[in-house]
Amino acid sequence: MKKTYYNTFLKYLDDENRDASIDYALQLIQEQKVTLEEMYLEILTPSLTEFFCSNEDEEICIWKEHERTSIIRTILESLYVYVIHRKKQIPSKGKTVMVLCPSEEYHEIGAIIVSHFFALSGYDAKYIGANTPKNDIVSAVKALKPDMLALSVTNYYNIVVTKKITEEIKSKYPDVKIIVGGQAFSHKDALSQVQYDYHLSDLTTIASLEGGKSI
Amino acid sequence: MPKILELKKINKIYGENTKVPTQVLFDIDLSFEESSFNSIIGQSGSGKSTLLNILGTLDKPSNGSVLINQIETSKMKKNQLSNLRNETIGFIFQFHYLLPEFTALENVLMPYQISKRPITKEVLARANELLDLVGLEKVKNNLSINMSGGQQQRTAIARSLMNQPKIILADEPTGNLDSDTTEQIYELLREINKKYKTTFIIITHDRHIAEKADRIIEIKDGRINLDITK
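Protein sequence lines correspond, in order, to chains A and B.
What the first sequence shows, in the numbering used here, is residues 1 to 215, in sequence order.
What the second sequence shows, in the numbering used here, is residues 1 to 230, in sequence order.
Just chain A, same shape as in the assembly:
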């Protein structure tokens, strides 16, 4: 059944029909046909990761992907009211997590979804944003004193700056647990370059994280 919802949603996206895509996704939630988690994991995430562009012109594929991402972003922002509603129904874990992308990293959809998942699991999730410079991350950690810092990285070149960020955070704030995730870490040796406590490859494991350690 969920597959049918996904295929219908994909059809609207393929047609680049923004209004219908957003309307349909929100309707699925309103009518409780899918849960928020199912919406993130089975509909929104695959619609981006499984995006296939049949056009031979790479530039056309790029703007098509960007338009699709923009539609998904609008859906995610709209879903946050449902996240607030769910948060009121679950006990707080009393832990704060700061979610962001490092400088020059503009692919933020994964980070937004991760921040929603943390919120749905009882964490106080603070989403800082895409393209966050190293010094701003360090000052945010100093000010917010989070229990965990989650870094989402897509472009493999950004491992360079992620290494610098994780080294500085670990030297200045060793108690802050660092969570890393994103496509960049699928590249050979990428994980071994950075200092981290947990590599997030499956969003459903967020619920079982405690203070950055897998339990």
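It cannot be assumed that every hint is accurate.
Unchecked claim - Here are the in silico distance ranges between beta carbons for each label pair:
{"hint": "1", "chain 1": "B", "residue 1": "Met110", "chain 2": "A", "residue 2": "Ser171", "range": "45 to 55 Å"}
{"hint": "2", "chain 1": "B", "residue 1": "Glu183", "chain 2": "A", "residue 2": "Lys134", "range": "24 to 34 Å"}
{"hint": "3", "chain 1": "B", "residue 1": "Lys194", "chain 2": "A", "residue 2": "Leu48", "range": "20 to 30 Å"}
{"hint": "4", "chain 1": "A", "residue 1": "Ala143", "chain 2": "B", "residue 2": "Lys197", "range": "51 to 61 Å"}
{"hint": "5", "chain 1": "A", "residue 1": "Glu59", "chain 2": "B", "residue 2": "Lys197", "range": "22 to 32 Å"}
Because the hints were derived from the structure by calculation, they are not lab data.
Don't be surprised by glycine CBs; every beta carbon is placed ideally from N, CA and C.
Using the hints, position chain B against chain A.
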């Protein structure tokens, strides 16, 4: 994939016999696979240009060994090494170092002329083909001083390919160019990499070049700080 270039325990100390020796490279172990496209990044003074010069046998390490095509180079005589270098490695620098009183075509032929072999029809055809490849078919008979910065760098790229090298070492090849020309030069280097299976090792400050390489190596304070492969 076989290793085409290998550095083993490379150290480089400048002024070894002076009161203030300066070590710029520390125990570098590094190897490059044939046909790969690699970028080296790092701050100014990190040791990356020294590393590239050692890779290209333009400079000798204080100790450690450099293997080109599995051949150990440290015990080679100067002329043997020059021959190996001229036949195996092409160089591209930030400044093109073209000879101003020669045309683009004559500059491209220069690495071949150094070997003192006669310029045959085939050799001339190859130089012309390379100039066509880098998009300079219309200006190949212009003196190099009468060309734009981008055209001069394209000529330098064609020149680096003249002896059909297996390896191209490039030190900031687009450091002197605007962003559009940088993109074009990068596309050209990638095309050469695909067409001739040439191994590329490029020092760059430009993230747009580095992020498109198959491998990124960061040098920091004379050591490998980061090494990731796509």
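Right, here's what the structure says about each hint:
For the pair B:Met110 and A:Ser171, the beta carbons lie near 51 Å from each other, so the given range of 45 to 55 Å is met. Distance hint check for B:Glu183 and A:Lys134: the Cβ-Cβ separation is about 27 Å, which falls inside the suggested range of 24 to 34 Å. One distance hint, 20 to 30 Å for the beta-carbon pair B:Lys194 and A:Leu48, holds here, with the actual separation near 29 Å. Look at A:Ala143 against B:Lys197: about 52 Å separates their beta carbons, and that is inside 51 to 61 Å.
Evaluation of the 22 to 32 Å hint for A:Glu59 and B:Lys197 yields a pass: the beta carbon distance comes to about 27 Å.
In summary, this structure violates none of the numbered hints.
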